[in-house]
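Here the structure of chain W is known, so what remains is to put chain C in place on it, guided by the hints.
Chains as they are written, first to last, in this note's numbering: chain W, 1 to 215; chain C, 216 to 422.
FYI, nobody ran anything at the bench for these hints, they're computed from the structure. Glycine included, every Cβ here is placed at the ideal spot set by N, Cα and C. Be careful, since some hints might not be right.
Straight line, CA to CA, 27 Å or less: simulated DSSO-like cross-link-like pairs of lysine-lysine [to be verified]:
#, chain 1, residue 1, chain 2, residue 2
1, W, K30, C, K404
2, W, K54, C, K248
3, C, K259, W, K30
4, C, K359, W, K55
5, W, K55, W, K30
6, W, K55, C, K248
7, C, K248, W, K30
8, C, K248, W, K150
9, C, K217, C, K346
10, W, K30, C, K359
11, C, K404, W, K54
To give a feel for the contact side, a few chain C residues facing chain W, derived at Cβ under 7 Å [to be verified]:
#, residue
12, L227
13, G249
14, F272
15, L284
16, D295
17, N302
18, T305
19, A331
20, V335
21, I344
22, K346
23, A348
24, S352
25, V360
26, I362
27, V420
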Amino acid sequence: MRNLVFGVLLICLILVGYYVGLLMRPKEVKGGVSVTLVVRQYRDGKLIKEVVEKKDPFTNNFVQLLWSAMKTNNGACTGSYTVVDIGGTSRNLYVCRSDFAAEYPLQGNGAYIWIGNGAAPFSLNDYKLSGTSTLKTTPSIPSESIADPKINYTISASFSLSSAMTVSEVGFSRLLRAPDYSNYEFLLMHDVLSTPISAAAGDTITVTYIVRING
Amino acid sequence: MKRYLVLSLVFLLVPFLVAYSMPQQQEDDRVIKGWLITKAYDAKGNLLWTHISEDPFTLNFGRYISLYLEPGVADHAVTDTGGTSYNLHTGSTMSINSPEYIYRTNTWIAVGTGTAPFSVNNYAITGGILKDASSPSISIIGNKVNISISASFSFSSPTTITEVGIIDRFCSSNVVAINILIARDTVSKSIPAGGTLSVTWIVEVNS
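So that you can see chain W by itself, here it is in the shape it has in the complex (with noise of 0.2 Å):
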């Protein structure tokens, strides 16, 4: 009896041994960007589905102001490089200009979060979300946490829906600053829902972006 009661404890300080392992192991570093996507649908102030999207794919805008910040001119000031707005005509912003006016692409204002009714799969050169119902509203501002070496920042937006529509899509869109010295809208994550949201009018849906950097 004894033996038995002395097995049943080694089984399980076995096992306690391997979960707190598991639970003590080291983080291990890894570089990169995850953006997770959570949409909510709230009737009468209660939540009554949630949609979260992990891998939220990245416009080729948005591929064109990373290759910008990778874009090096031996010193020169030179460099511009082409986006698509989102009425579909294509932009020069400046990398760096010979004159250092002040026109640079961030010094454009406004940025907005989408939801739409389209379903056509993403595709990298997606510049405006493909339904034929959309809203678009300004997030927040973006909010910062750092737990070293991880870096979060956080934007949301919430829509009240005047009438019945089918969420299947959201983007996020940033205004930035063209050498016509105008601001233009390009739209730098589009994202469709695995599982559309059927909003009533009078429906809260609220889109949470979160970005982070690290893991």
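Structure of chain C alone, referenced to chain W:
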């Protein structure tokens, strides 16, 4: 009794150590990955070693990228390679801290001798040797995009490098500029006299 205690301890510690040393099987939901591929060659051009790592981004990179999430006027503080804080600006002509360090002229790949583990607050490469990176090349397959830059270093005497980083130069005029570290990784590798080191940084989008 003592034998039972020792046996219990062994049965607790062995599975603990097995689990502790297992590689992490975390869900990989990254949409952007940064790869640093470092290769060393001897004086005759023979490949000596290759080191591949997943390069972590610094807080400077986060502050720069998150400027694109800003819906209005904002300044994001970054730390230059000298340790001084500056603001990158978005949303209006004049920054709170003018001048506006927003145009870009250089991207450098740097190698150095610092040994501190990576932290998002890293802002410099110790004893950094800087090389202008190549112009970024883009390759696209479907919705997946690779952007890569590279640089080559030559060493006349035996050298050990312990860190690699990417430094961006932001400027507001021809003479006013700041250099900020946006990615860093630790390595520990040697290059013989006459050898060369090639470093390639690949950023994979929608991976």
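Results of checking the hints against the structure:
1. With a CA separation close to 20 Å, the supplied pair K30 of chain W and K404 of chain C stays within the 27 Å bound.
2. Of the pairs offered as hints, the one joining K54 of chain W and K248 of chain C holds, with about 15 Å between alpha carbons and a cut-off of 27 Å not exceeded.
3. Distance restraint check for K259 of chain C and K30 of chain W: the Cα-Cα separation of roughly 34 Å exceeds the 27 Å cut-off, and the hinted pair is therefore not satisfied.
4. Taking the CA atoms of K359 of chain C and K55 of chain W, the gap is about 12 Å. The hint holds against a cut of 27 Å.
5. With a C-alpha separation of about 16 Å, the suggested pairing of K55 of chain W with K30 of chain W holds against the 27 Å cut-off.
6. For the hint linking K55 of chain W to K248 of chain C, the alpha-carbon distance of about 12 Å falls within 27 Å, and the restraint holds.
7. Restraint check for K248 of chain C and K30 of chain W: satisfied, since their Cα atoms lie roughly 8 Å apart, inside the 27 Å limit.
8. Taking the CA atoms of K248 of chain C and K150 of chain W, the gap is near 14 Å; set against the 27 Å cutoff, the hint holds.
9. With a C-alpha separation of about 63 Å, the suggested pairing of K217 of chain C with K346 of chain C is violated against the 27 Å cut-off.
10. Taken as a hint, the K30 of chain W and K359 of chain C pair is honoured in the structure, with Cα atoms around 19 Å apart against an allowance of 27 Å.
11. With a C-alpha separation of about 36 Å, the suggested pairing of K404 of chain C with K54 of chain W is violated against the 27 Å cut-off.
12. Checking L227 of chain C against chain W: minimum C-beta separation of about 4 Å stays under 7 Å; hint holds.
13. Below 7 Å, beta-carbon pairs count as interface contacts, and G249 of chain C has one with chain W at about 4 Å; its hint therefore holds.
14. Here the hint on F272 of chain C is kept, as its CB sits about 5 Å from the closest CB of chain W, short of 7 Å.
15. Because the beta carbon of L284 of chain C sits about 4 Å from the nearest beta carbon in chain W, less than 7 Å, this interface hint is met.
16. The closest approach between the C-beta of D295 of chain C and any C-beta of chain W is roughly 16 Å, which is over the 7 Å cut-off, so the hint fails.
17. Here the hint on N302 of chain C is broken, as its CB sits about 12 Å from the closest CB of chain W, past 7 Å.
18. Annotation: interface hint on T305 of chain C holds; nearest CB of chain W at approximately 4 Å, less than 7 Å.
19. Against a cut-off of 7 Å between C-beta atoms, the interface hint on A331 of chain C is violated, since the closest Cβ of chain W lies about 12 Å away.
20. For V335 of chain C, the suggested interface contact is upheld, since its CB lies about 5 Å from the closest CB of chain W, less than 7 Å.
21. The restraint placing I344 of chain C at the interface with chain W is violated, with a minimum CB-CB distance near 16 Å, outside the 7 Å limit.
22. Interface hint at K346 of chain C: violated, since its Cβ lies 10 Å from the closest Cβ of chain W, which is beyond the 7 Å cut-off.
23. Taking 7 Å as the C-beta contact cut-off toward chain W, the hint placing A348 of chain C at the interface holds, the least distance being around 5 Å.
24. With a cut of 7 Å, the hint placing S352 of chain C at the interface with chain W is violated, because the nearest CB-to-CB distance is about 9 Å.
25. Contact between V360 of chain C and chain W, as hinted, is supported at the beta carbon level, the nearest pair being about 5 Å apart and thus within 7 Å.
26. A cut of 7 Å between beta carbons decides the hint on I362 of chain C: the least distance to chain W is about 6 Å, and the hint holds.
27. Below 7 Å, beta-carbon pairs count as interface contacts, and V420 of chain C has one with chain W at about 5 Å; its hint therefore holds.
The earlier numbered hints that this structure contradicts are 3, 9, 11, 16, 17, 19, 21, 22 and 24.
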